[in-house]
Each structure stands twice: as structure tokens, then as C-alpha cells.
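Kindly produce the complete structure, drawing on both the sequences and the hints.
One line per chain: the protein sequences are A and B, in this order.
Its first residue numbered 1, the first sequence is counted upward by one per residue in the numbering used here.
Its first residue numbered 253, the second sequence is counted upward by one per residue in the numbering used here.
Simulated from the structure, these hints should not be mistaken for lab results.
By construction, the Cβ of each residue, glycine as well, lies at the ideal position given by its N, Cα and C atoms.
Incorrect hints may have been included.
Unchecked claim - Lysine to any residue pairs mimicking SDA-like chemistry, simulated, CA-CA at most 20 Å apart:
id	chain 1	residue 1	chain 2	residue 2
1	B	Lys294	A	Lys170
2	B	Lys422	B	Thr482
3	B	Lys317	A	Asn223
4	A	Lys107	B	Pro481
5	A	Lys170	A	Thr115
6	A	Lys65	B	Asn475
7	B	Lys318	B	Asp345
8	B	Lys359	A	Pro118
9	B	Lys359	B	Asp345
10	A	Lys119	B	Leu372
11	A	Lys107	B	Ser369
12	B	Lys286	B	Ser312
13	B	Lys294	B	Arg341
14	B	Lys272	B	Asp364
15	B	Lys371	A	Arg121
Unchecked claim - Cβ-Cβ distance ranges computed for the label pairs, FRET-style:
id	chain 1	residue 1	chain 2	residue 2	range
16	A	Val191	B	Lys282	52 to 58 Å
17	A	Glu54	B	Lys286	36 to 42 Å
18	A	Asp44	B	Asn475	23 to 29 Å
Protein chains: 2
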Amino acid sequence: MGSCIIEKFGYYTDLNQYEKDILAAFEDSKESFKAGENISSKGDAFDNLYIIHEGWAYVSSNLDKKLRSIFDIRLNADFVGASELSFRRRLYDFYALTDVTVCPFPKHRLDDMFTASPKLRDIFIMIMSREKAIANERIMSIGRRTAVERVAHFLLEVALRFDMVGGKPKQTFDFPLTQEQVGDILGLSPVHVSRAMTNLRENAYITYNRSTVTLLDEERLLNLSGFNPTFLEKPRSDMNYDSDDVCGCSGN
Amino acid sequence: MGSCIIEKFGYYTDLNQYEKDILAAFEDSKESFKAGENISSKGDAFDNLYIIHEGWAYVSSNLDKKLRSIFDIRLNADFVGASELSFRRRLYDFYALTDVTVCPFPKHRLDDMFTASPKLRDIFIMIMSREKAIANERIMSIGRRTAVERVAHFLLEVALRFDMVGGKPKQTFDFPLTQEQVGDILGLSPVHVSRAMTNLRENAYITYNRSTVTLLDEERLLNLSGFNPTFLEKPRSDMNYDSDDVCGCSGN
DNA sequence: CAATTATCTTAACTTAGGTTAAATTAACAG
DNA sequence: CTGTTAATTTAACCTAAGTTAAGATAATTG
Chain A
1 MGSCIIEKFG
11 YYTDLNQYEK
21 DILAAFEDSK
31 ESFKAGENIS
41 SKGDAFDNLY
51 IIHEGWAYVS
61 SNLDKKLRSI
71 FDIRLNADFV
81 GASELSFRRR
91 LYDFYALTDV
101 TVCPFPKHRL
111 DDMFTASPKL
121 RDIFIMIMSR
131 EKAIANERIM
141 SIGRRTAVER
151 VAHFLLEVAL
161 RFDMVGGKPK
171 QTFDFPLTQE
181 QVGDILGLSP
191 VHVSRAMTNL
201 RENAYITYNR
211 STVTLLDEER
221 LLNLSGFNPT
231 FLEKPRSDMN
241 YDSDDVCGCS
251 GN
Chain B
253 MGSCIIEKFG
263 YYTDLNQYEK
273 DILAAFEDSK
283 ESFKAGENIS
293 SKGDAFDNLY
303 IIHEGWAYVS
313 SNLDKKLRSI
323 FDIRLNADFV
333 GASELSFRRR
343 LYDFYALTDV
353 TVCPFPKHRL
363 DDMFTASPKL
373 RDIFIMIMSR
383 EKAIANERIM
393 SIGRRTAVER
403 VAHFLLEVAL
413 RFDMVGGKPK
423 QTFDFPLTQE
433 QVGDILGLSP
443 VHVSRAMTNL
453 RENAYITYNR
463 STVTLLDEER
473 LLNLSGFNPT
483 FLEKPRSDMN
493 YDSDDVCGCS
503 GN
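Right, dumping it as C-alpha cells:
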């Protein structure tokens with residue numbers, strides 16, 4: 001297997017040789033972290049981005065000793081740092097959720113990359129757009145949905161994001177998050193996450209154990225949570241700045 | 253006054269003649285809307301961005317008949333649409349909050365602009381970064397702060413954002429949002445926003461009337477709300493992709 | 001400027017979700 | 001295996017915020 005960066009960029013677009021050459025110019029290292037390890041911290045120098053090579057990670061910030069927000073999880077081929085690009089220091093903490101391997105990606109080389117390839121530049125903008133859409137959906141969840149709706153919505157989001165980075169749509173998927181972490185993502189206490197998940201199980205929406213979730217009835221889950229997949233629209237390699245909806249995948 | 257786009261871009265960076273020429277190539281129109289008017293809607297074709305020329309606007313989405321989230325307000329020189337750039341259709345509704353004048357900005361010309369000027373391209377990325385930082389701060393507020401803390405935090409945010417687009421720091425500022433709208437931003441009921449604001453007034457943090465807010469003690473407000481201005485760090489014209497913190501304005 | 005409508009406040013009451021703690025269950029280390 | 005620790009569940013209780021509604025205040029309109 002060749003370059004990690006080329007491989008993961010390849011999830012977002014079809015790369016020609018020219019683009020591969022540009023990406024090959026980045027050092028191609030991998031770093032591994034054990035579950036729970038801190039990868040980088042708020043206030044640190046912000047020298048490189050990461051691409052997730054394998055495993056789960058998350059971006060978070062502590063409000064105080066007791067309270068924490070997890071802003072998002074990072075799965076295979078997700079970027080870390082893209083949305084903070086213009087800040088000189090890291091705005092958030094970044095942790096390994098499972099054992100994880102990341103590919104660092106020097107930030108100072110991005111300028112050249114953007115200039116050399118508008119397509120790679122647009123991939124970047126696309127990734128930032130998508131992260132923002134996910135963040136807004138989270139604001140909607142935390143602000144206006146009930147606990148059960150929030151959990152249902154989040155599970156659908158994870159399933160869909162999973163599918164997008166190499167997998168086939170599947171009802172059963174890996175779910176290494178603890179309920180406490182789910183609470184920090186959705187603005188709930190761990191006890192109430194348990195209540196919500198028990199509720200979803202008792203009403204035959206899902207089954208789960210400590211590391212796996214199965215969606216039993218996606219249709220009903222979509223209904224329950226008001227999930228609209230538009231915000232996760234598959235990033236497209238043929239992005240342009242015109243608006244005709246060739247793929248027909250958007251809508252309301 | 254010349255081009256709206258050149259003027260507003262000028263808030264973010266010092267423009268040389270070359271950059272002004274690039275921006276001058278955009279059509280320079282203004283559109284005005286009355287308070288409450290819809291400017292664009294979820295699902296619409298996404299042909300142009302907007303820059304706020306004057307007045308307040310907001311970006312929102314309805315969950316159902318009763319529930320709405322307002323994702324953010326838009327003030328002078330703010331962009332609308334930057335963070336959704338790679339979507340073909342609009343993801344959110346966009347409304348005039350006060351009487352407002354916006355400068356539309358054709359999306360299909362951005363590609364040329366980004367290619368012609370890395371600096372203008374970086375301004376764009378900077379704006380997206382900043383919007384994301386604000387969104388994450390909102391997630392933290394809604395998910396983990398009490399109602400009083402949320403309102404205090406939001407008022408500080410508005411005051412600071414105000415200052416950044418042309419104003420001098422001031423304790424007293426225009427605040428045309430209704431308490432219902434504040435509730436839709438912060439995930440609260442209008443009644444509880446009233447309680448929170450009354451609380452802040454009774455404890456001598458602020459005074460306010462229907463259209464103005466005065467911060468009486470910024471220090472105590474910062475403390476109360478756990479506000480850290482890093483996330484609003486003034487966008488810099490000298491953005492580069494290195495991390496040494498010349499301006500010393502970040503940090504934990 | 002009178003009348004209507006929108007916004008804000010206050011009060012009384014309800015509820016979703018938080019807290020604490022104890023009991024299960026699962027994972028893990030030796 | 002076995003003892004220990006971490007994660008989940010359940011229960012009892014508590015509180016922040018939601019709801020409804022009535023009254024007060026401000027803004028807008030004819």
C-alpha cells in the first residue's frame with residue numbers, strides 16, 4: 001500500500017497522476033496512539049493536520065473539571081484540523097478513542113497544494129463545508145431534539161458516515177463510544193444516554209452491546225429523529241460552483 | 253463609496269490594487285430586504301453568496317411547525333453561504349432580522365478568484381474557520397452551559413463581533429433580536445430567555461431594553477459565562493500556514 | 001392618538017433530564 | 001480463572017428549563 005495521504009484523498013475524488021504527484025510530495029508518515037491517548041491539545045502549536053488512517057478519534061474541549069463537549073468524532077479518512085486552518089494554535093483537544101493510526105500532514109505545504117491543484121483545494125473546502133453541516137445538525141439536535149431523538153439521529157449519522165468511507169451500508173456497525181462520550185457529544189448525562197438507548201431497544205429500533213450497534217428499522221429511526229441525509233451528501237469529485245443538481249441527491 | 257465587495261473584503265485584509273481588480277470583476281449589486289423577509293430558502297438553487305452590507309440577518313432551519321434552530325446571526329461584512337460552498341442547494345433558510353442590505357456575490361466566479369489570488373482564497377478559508385469555531389462554541393453553550401451562562405456568553409460574543417467589523421469596543425450596542433430568536437439560537441424557550449436576562453439585570457451584569465444591551469461589568473460576565481475570546485480571534489490578513497503566534501492573541 | 005398587535009414579564013405548574021447511588025454486567029490484568 | 005476496574009442499568013429523588021396563561025409594556029398601524 002502506498003501513501004496514506006493519497007489513499008485517503010482517493011476516497012473523496014478520483015486522483016490523476018498529477019494530483020498524486022502533488023500529494024506524494026508530503027511526507028508520508030503514520031503515528032499510532034493507544035485508546036484514550038491525547039494526540040494534541042488546545043493551545044498547542046498547530047503545525048499539521050491529521051488524516052485518520054484507522055480507528056476512531058474525537059475532538060473535544062473541557063468547560064471545567066466536570067463538563068466536557070465532544071464536538072465530533074473522526075473516522076477513517078476524516079481530517080482533523082481542516083476547519084481550524086486559519087488559527088495559529090489548536091482550538092481543541094484531540095484524543096484517540098480506540099487505538100488509532102493517523103497520518104500527519106504538514107500545514108505549511110497546503111498553500112502550495114491549493115495553488116497547484118484547484119481540485120485538491122476544492123476537496124478541502126468540501127470537507128470544511130461538510131464539517132460545518134454536521135456541526136449545524138448537532139446544534140439542532142442539542143438545542144431542539146429530545147434525548148431519544150438525539151441518540152437516534154446520531155446513530156444514523158454514524159452509520160451513514162461509516163458507509164461513506166469505504167464500507168457498504170450495513171445495519172450492524174462498530175460502536176466503540178461509551179455512553180458517557182455519547183453524552184458529551186449530545187449534551188446529555190451518561191445516565192440519560194442509557195435511558196434513551198434502553199428506550200430505543202425496548203421499542204425495537206435498535207439492538208446493541210458494548211461495542212456494536214444494530215439498526216433494526218432505519219425507516220422508523222429516520223422518522224423518529226427527523227433525520228435528513230442531505231447534510232451528509234457524499235462529497236463529490238466533480239464539485240463546481242454552479243448549482244444544477246445533477247446527482248439529484250439533495251432536495252429538502 | 254465604491255464596490256460593496258471590495259469595501260467588505262477590506263475589513264479582513266489590506267487589499268492591493270491587484271486584489272481590488274479581481275474583486276471589481278464581480279457584479280456589484282445590492283439588494284434590500286425588510287425586517288422579517290425571507291432572503292433565500294433551504295433547497296433553493298445556490299447561485300450566490302451574500303455579504304452583509306447593512307443590518308442584521310440570520311441563518312436558520314425549522315425542525316417542525318413549532319421548533320426552529322437559528323444557527324447564527326450575520327452582521328456587517330459577514331458572509332452568507334461560505335460554509336456551505338460545496339453544496340449544490342442551500343442547506344438553510346436565510347432571513348432579514350432587521351431591514352438589511354446584502355451584496356450578492358456569484359458563486360461560479362469564486363474558482364477564478366481563488367486561483368488568481370491565494371490571499372483572497374485564504375480570507376475565505378479564514379472565514380469558514382471562524383464560522384466553525386463559533387458553531388463549536390455554540391455546541392458547548394447549548395450542550396453544557398446553563399441558561400444564564402448561555403445568554404451571557406452570547407451577549408459577549410455579539411459585542412465582540414460587533415467591534416470587529418468597524419466599531420470600537422463599546423458596552424452599549426444595538427440588539428434587535430427578540431427573546432424568542434435568542435431562544436432559537438441558544439436552545440431555550442422564550443420565557444426562559446426572559447428569566448435569564450432578568451436574572452442578569454437583577455445581578456447588575458447588564459441592562460437592556462427592547463433594542464439595546466449594555467454590558468455593565470465585562471469582567472464578571474466573562475467569568476460567569478466562561479468566555480474565552482480565542483475562538484473569535486480577529487481574522488488576519490497575514491495568515492500563513494505556520495504556527496508561531498506572532499500576535500500573541502491566542503493561547504488557552 | 002386610539003386601537004391593535006408584538007414582545008416581555010411574572011406566576012403557577014409540569015416535565016425532561018440531571019444527580020446520586022446501588023446493583024449488574026462486561027472487560028481486563030495478573 | 002479470579003480479582004479488579006470500567007461501563008451500563010435501574011431506581012429514587014431533584015432541579016433547570018418548558019408550558020400555559022394572564023398581565024404589563026412597548027411598538028405599530030389606521
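Against the structure, the hints:
1. Straight-line distance between C-alpha atoms of Lys294/B and Lys170/A comes to about 29 Å, which puts the hinted pair past the 20 Å bound.
2. Proposed proximity of Lys422/B and Thr482/B is supported: the alpha carbons are some 19 Å apart, at most 20 Å.
3. A threshold of 20 Å between alpha carbons decides the hint, and for Lys317/B with Asn223/A the separation of about 15 Å falls inside it, so the pair holds.
4. Restraint check for Lys107/A and Pro481/B: not satisfied, since their Cα atoms lie roughly 24 Å apart, outside the 20 Å limit.
5. Of the pairs offered as hints, the one joining Lys170/A and Thr115/A is violated, with about 39 Å between alpha carbons and a cut-off of 20 Å exceeded.
6. The straight-line distance between the Cα atoms of Lys65/A and Asn475/B is roughly 15 Å, inside the 20 Å bound, and the hint therefore holds.
7. About 16 Å separates the Cα atoms of Lys318/B and Asp345/B, which keeps this hinted pair within 20 Å; it holds.
8. Note on Lys359/B and Pro118/A: the hinted pairing holds, with a Cα-Cα distance of about 15 Å set against a maximum of 20 Å.
9. For the hint pairing Lys359/B with Asp345/B, the CA-to-CA distance comes to about 18 Å; that is within 20 Å, so the pair holds.
10. Simply put, Lys119/A and Leu372/B have alpha-carbon atoms about 17 Å apart, close enough for the 20 Å limit, and the pair holds.
11. Restraint check for Lys107/A and Ser369/B: satisfied, since their Cα atoms lie roughly 19 Å apart, inside the 20 Å limit.
12. Between the alpha carbons of Lys286/B and Ser312/B the distance comes to roughly 17 Å, so the proposed pair stays at or under 20 Å and holds.
13. With a CA separation close to 7 Å, the supplied pair Lys294/B and Arg341/B stays within the 20 Å bound.
14. With a CA separation close to 14 Å, the supplied pair Lys272/B and Asp364/B stays within the 20 Å bound.
15. Between Lys371/B and Arg121/A, the direct Cα distance comes to roughly 14 Å. Compliance with the 20 Å bound is thereby established for this hinted pair.
16. A hinted range of 52 to 58 Å holds for the C-beta pair Val191/A and Lys282/B, which are about 53 Å apart.
17. The hinted window of 36 to 42 Å between Glu54/A and Lys286/B is violated, with their beta carbons roughly 54 Å apart.
18. At roughly 25 Å, the beta carbons of Asp44/A and Asn475/B sit within the given window of 23 to 29 Å.
Hint violations for this structure: numbers 1, 4, 5 and 17, all remaining hints satisfied.
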